[in-house]
Amino acid sequence: MNAVSIPLEHVMALAATLFLIGLAGVLVRRNLIFLLMSLEIMMNACGLAFIAAGARWGAADGQIMYMLILALAAAEVAVALGLLLQLERRLGSLDIDAASELRG
Amino acid sequence: MEALWLIPLLPLLGFVTLLVTEGRLPAVLVAMIGAGSVGLAALAAAPVTLDFLQQGPGTVFAQPLWVWIDVAGFSPDITLYLDGLSLAMVWVITGVGFLIHLYATGYMAGDPGYSRFFAYMNLFVFAMLMLVLADDLLVLYLGWEGVGLCSYLLIGFFHDEPANGYAARKAFVVTRVGDTAMALGLFLLFRELGTLDIQSVLSAATTTWPDGSTTVTVAALLILGGAVGKSAQLPLQTWLPDAMAGPTPVSALIHAATMVTAGVYLVARVHDLFLLSPLAQSALIGVGLATLFMAACAALVQRDIKRILAYSTMSQIGYMFFALGVGAWSAAVFHLMTHAFFKALLFLSAGSVILALHHEQDIFRMGGLWRRLPLPFAGMLVGAAALAALPFTSGFYSKDAILLASAAAPGGLWLWAAASLAALVTALYSARLIFVVFFGPPGSAAGPDDGSNNAMRGPLVVLSLLALGGGWFGLAPPAAVLPDGGVSHGHGGWLAWVTGAVPLLGVGLGYLLFYRWRERTAALVSGAAAQTLRRFWQAGWGFDWLYARLFEQPFTALARLNRRDVVDVPFVLTAALLRIGHQLAADGQNGRLRWYLANMAAGLALLLIIVLGAA
Numbered sequence: 001m002n003a004v005s006i007p008l009e010h011v012m013a014l015a016a017t018l019f020l021i022g023l024a025g026v027l028v029r030r031n032l033i034f035l036l037m038s039l040e041i042m043m044n045a046c047g048l049a050f051i052a053a054g055a056r057w058g059a060a061d062g063q064i065m066y067m068l069i070l071a072l073a074a075a076e077v078a079v080a081l082g083l084l085l086q087l088e089r090r091l092g093s094l095d096i097d098a099a100s101e102l103r104g
Numbered sequence: 105m106e107a108l109w110l111i112p113l114l115p116l117l118g119f120v121t122l123l124v125t126e127g128r129l130p131a132v133l134v135a136m137i138g139a140g141s142v143g144l145a146a147l148a149a150a151p152v153t154l155d156f157l158q159q160g161p162g163t164v165f166a167q168p169l170w171v172w173i174d175v176a177g178f179s180p181d182i183t184l185y186l187d188g189l190s191l192a193m194v195w196v197i198t199g200v201g202f203l204i205h206l207y208a209t210g211y212m213a214g215d216p217g218y219s220r221f222f223a224y225m226n227l228f229v230f231a232m233l234m235l236v237l238a239d240d241l242l243v244l245y246l247g248w249e250g251v252g253l254c255s256y257l258l259i260g261f262f263h264d265e266p267a268n269g270y271a272a273r274k275a276f277v278v279t280r281v282g283d284t285a286m287a288l289g290l291f292l293l294f295r296e297l298g299t300l301d302i303q304s305v306l307s308a309a310t311t312t313w314p315d316g317s318t319t320v321t322v323a324a325l326l327i328l329g330g331a332v333g334k335s336a337q338l339p340l341q342t343w344l345p346d347a348m349a350g351p352t353p354v355s356a357l358i359h360a361a362t363m364v365t366a367g368v369y370l371v372a373r374v375h376d377l378f379l380l381s382p383l384a385q386s387a388l389i390g391v392g393l394a395t396l397f398m399a400a401c402a403a404l405v406q407r408d409i410k411r412i413l414a415y416s417t418m419s420q421i422g423y424m425f426f427a428l429g430v431g432a433w434s435a436a437v438f439h440l441m442t443h444a445f446f447k448a449l450l451f452l453s454a455g456s457v458i459l460a461l462h463h464e465q466d467i468f469r470m471g472g473l474w475r476r477l478p479l480p481f482a483g484m485l486v487g488a489a490a491l492a493a494l495p496f497t498s499g500f501y502s503k504d505a506i507l508l509a510s511a512a513a514p515g516g517l518w519l520w521a522a523a524s525l526a527a528l529v530t531a532l533y534s535a536r537l538i539f540v541v542f543f544g545p546p547g548s549a550a551g552p553d554d555g556s557n558n559a560m561r562g563p564l565v566v567l568s569l570l571a572l573g574g575g576w577f578g579l580a581p582p583a584a585v586l587p588d589g590g591v592s593h594g595h596g597g598w599l600a601w602v603t604g605a606v607p608l609l610g611v612g613l614g615y616l617l618f619y620r621w622r623e624r625t626a627a628l629v630s631g632a633a634a635q636t637l638r639r640f641w642q643a644g645w646g647f648d649w650l651y652a653r654l655f656e657q658p659f660t661a662l663a664r665l666n667r668r669d670v671v672d673v674p675f676v677l678t679a680a681l682l683r684i685g686h687q688l689a690a691d692g693q694n695g696r697l698r699w700y701l702a703n704m705a706a707g708l709a710l711l712l713i714i715v716l717g718a719a
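If you read the sequences in order, they're chains A and B. With the numbering used here applied, the first sequence has no gaps in its numbers, which climb one by one up to 104 at the end. With the numbering used here applied, the second sequence has no gaps in its numbers, which climb one by one up to 719 at the end.
In isolation and in its complexed conformation, chain A is listed as follows (with noise of 0.2 Å):
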């Protein structure tokens, strides 16, 4: 299994790419659904990281961790989507900013 390896730095690039596209994504867009989308591509970008890292440097935690992330993910998922049904029987809406009544 010597395949030609890609370099760490790449793999990192590519997480932080992904991780910012994911945060630009929370960031701008205000429907909830597409909120969650770009939170499970943050998710995915860190759990990027730890494979790789975990590769590089031929240790398990890399992999258990992205275990936990994904079960975490799925849990989020399970809960996020009650919240969204609960908003839009509310509010009427999938808009966050409409959620904004803890103001201070």
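Source of the hints: derived by calculation from the structure; they are not laboratory data. Do not rely on the hints blindly, as some may be mistaken.
Part of the chain A face toward chain B, derived, beta carbon under 7 Å [claimed, not checked]:
{"hint": "1", "residue": "Val26"}
{"hint": "2", "residue": "Asp97"}
{"hint": "3", "residue": "Leu102"}
Glycine included, each C-beta is placed from N, C-alpha and C at the ideal position.
Based on the hints, put chain B in the right spot on chain A.
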């Protein structure tokens, strides 16, 4: 002598009764309670006095009632202490006080505040008795402030008139200045000697302090400050003329016979402190002489009959302070007593005149009253004679004793000359009072309608007798307490003759100036310089003007400056700062999820930059 506690209790009971009934009692009953309680107190004093005289003038009787406070070695107890000095004061207060109360039942008849008036008067008599019977300086201070309160309440008795309220406040505030000094003096005594029991303080003072030590001088001067305020001496005298706003019996009782002489009593009571301090004794002489002269000149030009008597009171108390200063202790107390007789008589007679003329107080609108108001005239004549110290009246004996004692003091001839000069002025203004009011050309005042009744006539007669014959009372009881051992009448030589002749000279001069050569006198004083002097003296030597500029105006200016509470600036600023911070934080809390996220990301980026930059 066991009945001593009854003497202050009876007026207190009278006060409480009148207080709780809130003026619902009929006037007859109010008069009986008001005057009766003081009369009964005088009756209760009679067996006490008999016992006292049987046991000799040096007797001391202390009646412990209860312990007031007991804290860490400080336990002032309410003990009534009777010796010759307090006995004389008890008689002045209950005896003269009863006569004045009796007079007031007639004088105040028909007033809507009849019950309130007697309630205050009874409270006053109680407080004054506590003052003179106190065994402890703290209890004395209680009575001291009590009489001050009653003085305030009674000066402002006719409170519909704002000027009366002003006069009452002025009296209260000015005397408070002196009282503060006295309180400081008591603090000092307690800190140094650890007790306020009068006899312990005096004996401890003589053993602790050497002659003329600074501490005892300071203590004596502070106590003198209290006495000066209460007794309307320079420089705290300005309240007394304005205090005449109160009803005339109040002026007679509080501002002539009893309360204003409390300062003299206090100094006589703690005489050991003054004996230890030559400086304090000199201060007594200085204060006394200055007030004596200043007030006599002011009395000479007043137009208001009660203000004449007020300045005269001030001047006579100046004599008492002067006497205390030159060491004629018992002469001072003697004069206190005779002054209580004749000044109460003068005030009550003046009250009858004022009432008969429908509340006219300007002497130049009276005139020619001697035939139409014979009894007030007789009372005023006797009172003025005693005030001027004409021979064989009561004032003659006491004032002669003071003057002759001053001549015997070191440097005495000058003191004697100054005091005699003031005695001449005293005789002069006494003569002016009589000649203008009773023999002058009839004035424009309405009346007279003699509105007095027997309740008012009786006290005038009794007080006239006392003012005439009061000098024959031996003053052995107080003399046994005081260090100079009594009043001696037996001075011979030219000095005694001159002293006796001065009042006659003054009255003769007054006869010429204010009766015989009335027109010539009027022409003489119509010049510009004389008029300026007259205005200056009439305003009491401009002390009100001076104090208004020295104290009132800076104070009001300061208050105006501080209207927006300058001292609050740091606190207001702190609050404003917090409010700005709150606004910033509240604006950040806008409820927008994406805003929070953006901030979080920015913060994280900042942290990263810092951490990486540091690495």
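So, going through the hints one by one against the coordinates:
1. At its closest, the beta carbon of A:Val26 sits 6 Å from a beta carbon of chain B; the interface hint therefore holds under the 7 Å criterion.
2. Because the closest C-beta pair between A:Asp97 and chain B is about 6 Å apart, less than 7 Å, the hint holds.
3. Interface restraint check: A:Leu102 against chain B, minimum CB-CB distance 5 Å, threshold 7 Å, status holds.
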